[in-house]
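Using the sequences plus the hints, can you model the full thing?
Same order as they appear, the protein sequences are chains A and B.
Under my numbering, the letters of the first sequence match residues 1 to 436, in that order.
Under my numbering, the letters of the second sequence match residues 1 to 436, in that order.
The set of hints was computed from the structure by calculation and includes no laboratory data.
Watch out, some of these pointers could steer you wrong.
Since copy identity is lost for identical chains, a pair holds within one copy or between any two.
Straight-line distance between alpha carbons at most 30 Å, and here's what the computed DSBU-like set of lysine-lysine pairs gives [unchecked claim]:
#1 Lys246 x Lys129
#2 Lys324 x Lys240
#3 Lys331 x Lys371
#4 Lys169 x Lys341
#5 Lys169 x Lys32
#6 Lys331 x Lys240
#7 Lys169 x Lys129
#8 Lys341 x Lys240
#9 Lys401 x Lys331
#10 Lys149 x Lys169
#11 Lys210 x Lys222
#12 Lys370 x Lys169
#13 Lys331 x Lys246
#14 Lys129 x Lys114
#15 Lys341 x Lys411
#16 Lys210 x Lys114
#17 Lys240 x Lys169
#18 Lys149 x Lys32
Owing to the predicted nature of the structure, the values given are computational and were not obtained by experimental measurement.
There are 2 protein chains.
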Amino acid sequence: MPKIIIAGGGLVGAMLANILAESSFEIHVIEKRHNPFVSGFQEKGRSINLALSTRGWHALQRIGLERELLSHAIPMYGRAIHHLSNEISFQPYSIDNQAIYSVSRNTLNLLLLKRLQNFSNVVVHYQKKIVSADIFTAEVHTECGDTFKADALIGADGAFSSIQQAFTKTDRFSFCRKYISHGYKELSIPPDSRGDFVWNPNALHIFPRKRFMLIALPNCNKTFTATLFLDFEGEESFEKLSDEAKVSAFFKTYFEDFVRVAPNFVSEFFENPTSSLGMVSCEPWYRGKTLLIGDAAHAIVPFYGQGMNAGFEDCLILEECLQKSPCDIFKAFQVFADSRKPDTDAIAELAMRNFIEMRDLVTDERFLAKKQIERELVKMAPDVWIPQYSLVTFSRIPYRKALEIGELQDKLLDEVLSQNLSLWQAVEQFKNLRTC
Amino acid sequence: MPKIIIAGGGLVGAMLANILAESSFEIHVIEKRHNPFVSGFQEKGRSINLALSTRGWHALQRIGLERELLSHAIPMYGRAIHHLSNEISFQPYSIDNQAIYSVSRNTLNLLLLKRLQNFSNVVVHYQKKIVSADIFTAEVHTECGDTFKADALIGADGAFSSIQQAFTKTDRFSFCRKYISHGYKELSIPPDSRGDFVWNPNALHIFPRKRFMLIALPNCNKTFTATLFLDFEGEESFEKLSDEAKVSAFFKTYFEDFVRVAPNFVSEFFENPTSSLGMVSCEPWYRGKTLLIGDAAHAIVPFYGQGMNAGFEDCLILEECLQKSPCDIFKAFQVFADSRKPDTDAIAELAMRNFIEMRDLVTDERFLAKKQIERELVKMAPDVWIPQYSLVTFSRIPYRKALEIGELQDKLLDEVLSQNLSLWQAVEQFKNLRTC
Numbered sequence: 001m002p003k004i005i006i007a008g009g010g011l012v013g014a015m016l017a018n019i020l021a022e023s024s025f026e027i028h029v030i031e032k033r034h035n036p037f038v039s040g041f042q043e044k045g046r047s048i049n050l051a052l053s054t055r056g057w058h059a060l061q062r063i064g065l066e067r068e069l070l071s072h073a074i075p076m077y078g079r080a081i082h083h084l085s086n087e088i089s090f091q092p093y094s095i096d097n098q099a100i101y102s103v104s105r106n107t108l109n110l111l112l113l114k115r116l117q118n119f120s121n122v123v124v125h126y127q128k129k130i131v132s133a134d135i136f137t138a139e140v141h142t143e144c145g146d147t148f149k150a151d152a153l154i155g156a157d158g159a160f161s162s163i164q165q166a167f168t169k170t171d172r173f174s175f176c177r178k179y180i181s182h183g184y185k186e187l188s189i190p191p192d193s194r195g196d197f198v199w200n201p202n203a204l205h206i207f208p209r210k211r212f213m214l215i216a217l218p219n220c221n222k223t224f225t226a227t228l229f230l231d232f233e234g235e236e237s238f239e240k241l242s243d244e245a246k247v248s249a250f251f252k253t254y255f256e257d258f259v260r261v262a263p264n265f266v267s268e269f270f271e272n273p274t275s276s277l278g279m280v281s282c283e284p285w286y287r288g289k290t291l292l293i294g295d296a297a298h299a300i301v302p303f304y305g306q307g308m309n310a311g312f313e314d315c316l317i318l319e320e321c322l323q324k325s326p327c328d329i330f331k332a333f334q335v336f337a338d339s340r341k342p343d344t345d346a347i348a349e350l351a352m353r354n355f356i357e358m359r360d361l362v363t364d365e366r367f368l369a370k371k372q373i374e375r376e377l378v379k380m381a382p383d384v385w386i387p388q389y390s391l392v393t394f395s396r397i398p399y400r401k402a403l404e405i406g407e408l409q410d411k412l413l414d415e416v417l418s419q420n421l422s423l424w425q426a427v428e429q430f431k432n433l434r435t436c
Numbered sequence: 001m002p003k004i005i006i007a008g009g010g011l012v013g014a015m016l017a018n019i020l021a022e023s024s025f026e027i028h029v030i031e032k033r034h035n036p037f038v039s040g041f042q043e044k045g046r047s048i049n050l051a052l053s054t055r056g057w058h059a060l061q062r063i064g065l066e067r068e069l070l071s072h073a074i075p076m077y078g079r080a081i082h083h084l085s086n087e088i089s090f091q092p093y094s095i096d097n098q099a100i101y102s103v104s105r106n107t108l109n110l111l112l113l114k115r116l117q118n119f120s121n122v123v124v125h126y127q128k129k130i131v132s133a134d135i136f137t138a139e140v141h142t143e144c145g146d147t148f149k150a151d152a153l154i155g156a157d158g159a160f161s162s163i164q165q166a167f168t169k170t171d172r173f174s175f176c177r178k179y180i181s182h183g184y185k186e187l188s189i190p191p192d193s194r195g196d197f198v199w200n201p202n203a204l205h206i207f208p209r210k211r212f213m214l215i216a217l218p219n220c221n222k223t224f225t226a227t228l229f230l231d232f233e234g235e236e237s238f239e240k241l242s243d244e245a246k247v248s249a250f251f252k253t254y255f256e257d258f259v260r261v262a263p264n265f266v267s268e269f270f271e272n273p274t275s276s277l278g279m280v281s282c283e284p285w286y287r288g289k290t291l292l293i294g295d296a297a298h299a300i301v302p303f304y305g306q307g308m309n310a311g312f313e314d315c316l317i318l319e320e321c322l323q324k325s326p327c328d329i330f331k332a333f334q335v336f337a338d339s340r341k342p343d344t345d346a347i348a349e350l351a352m353r354n355f356i357e358m359r360d361l362v363t364d365e366r367f368l369a370k371k372q373i374e375r376e377l378v379k380m381a382p383d384v385w386i387p388q389y390s391l392v393t394f395s396r397i398p399y400r401k402a403l404e405i406g407e408l409q410d411k412l413l414d415e416v417l418s419q420n421l422s423l424w425q426a427v428e429q430f431k432n433l434r435t436c
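What follows is the structure, given as structure tokens:
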């Protein structure tokens, strides 16, 4: 039975262990946190809710957890835009009522780890912080002096992966970590006086304000978690919000709707951390006996809600590669790395573009006119014209294809808006160009 | 007297120490190698000769070393192109006989370190390998257990800088290290039977072969050092050159001229290392009490011969910044970092483009036709139309300007080649657009 070490028992590590558990592998998951079934997970400064969509659901279906998770998930059918005027407008994510799901990171992680207890060939080693690794011998060393060695090593330990770190010490490993100028801070919105959600829970709430924005996702306990995305430095920035009066004034000016329902936002603002937003891109993902996967290989900004979804899809695709090379794990690693990277490069790009869209374009007239045209095109030819957002969120078409198709659509929408093309001509041209 | 630690006593660290030695600083240079005045420097796998041009000369002039170095430098007035047919053609670097200079890395480094012995306020600590640093307290720790602490710390310790490494452990430090698919290997060409250079020593010899190339620079002892740039993997690659017969056949096919004068190339090929080619881009360069400079901040590929020249120019610009803020070292660091980065980004881009030009375009007909037109333009208006190569190599115009001007020139040359513009019109348009 080949032995595999999975570094990290977070979302991607635990999902991968679940998927591989059914193959003939002996799996050791090395996790730095405490055993949550003893003491619970408590993580400050990590995003506490996530938007699960089709790619993520597929992985949950693969391991039969989708029903159980559904009872902990809240469907969001579109964006509720909170304008500066306090008007709210609703933009559905699809014309056929498809939803993304607000789920709690902790709940999902616990479900995944709990399911691993059913497998005798899987051991999760808690409180083992990896301090070094040898990617050529598949060996890791932990802070408390343990050494684990296996036939293969998979680094699923996040954007600041210790395994990624070991890759950077080898020659010809290209590595980029980039931060954007914005940071984020989480704030809470309690239930209303009747114990109910203060807003429609079946929407992702957005306050787009050009250079910055606030969003809010519903939680099962009738609260919302709001996240402010704001420049670290500059005219309107975290740096400028240096005392309670300034924070209060800033929120009253830009987020009046929010201020009305978030009684503790000022004190929370100073209690909660301001976190940075970075991305990781590197190559190769596979070297020696070791593979990087999930955020360790391709961390992205959160604005398309695809970080976890892309990581879960990695697990499905890696399983396919292993099934195609049952006798050669390393060939599977190589095929996975080569075929998957162009897709994660594409979602990295899309996630940055969606930030512009969310904070800015959702109130832009030209953008809204194009969205209106797109809705008509979708009604006319629903099987042909599938918007980019749907391709990314509600399908498993490779991300790189979604990027290409979206760019083609954008050009055609510009043509329709400039009245150079009729709606039918746009559909016809799209059909022809897509098949090229 | 403020105390400054300079990490690294290589070319840039030693140059900076020389320049700052005349200010009222106490300077400690921390160098991992042995004291060369006891045992000499011996470095395997580093490029042993370099092309010094105007930016580098300015720094040498600043410290009065230019005359002494000139006696160790060989002027190269242009490129000697060795065609596959064994013909050699000469492309001058300028119309007025300007040269770049082949110098030995070791000779130059020794001259710089020797000059430091004249200053009582400078100490070079040899055999001190830095293993960690605190960029907020300006403190470094060495492998042998020493700690050095100062008012400010400057990391001039190269592309794999230990100080850069300390920056990567702080939040919001964007860092990219990228490798190109090519590697390089050095090979030697001895003097001929009469003890003279085998080829014209006053040229940089190039064998451009599309995906790969060989270059050769003259040394003072009448030898040449040749460097093969070749893909690591692929059809024609280091990987494929796995035995003596293959190496011999490859060189005979593509570099017959070289084979004739390099009796030991086959054995050297297997004795000498194959080195990778990477670049570093990062931000910010200044944080806490620490500044990155030279390759530690902006390593580039060697194809424009500007790595050392850019690092030396860094030292001159940092001195200017320190002179403008005599009471605030850190303000000077900040101004240096903000103003210099766009220029080193530009030379990084230009260096990659010059690789394409050197290995490929120097034999391309369209490229040669444009070069011919450019020579005519330079003759017509020598004070107006200064080619990009000259701006980079023979001037101190900021690299970002050289990049912009070159792109403008390239467009105008295309227009002249397509007969949309006369030569005079190109000059006039260039004048007008440059002033915009």
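* Would you pick out the hints that fail for this structure and give their numbers low to high? => 1, 3, 12 and 16
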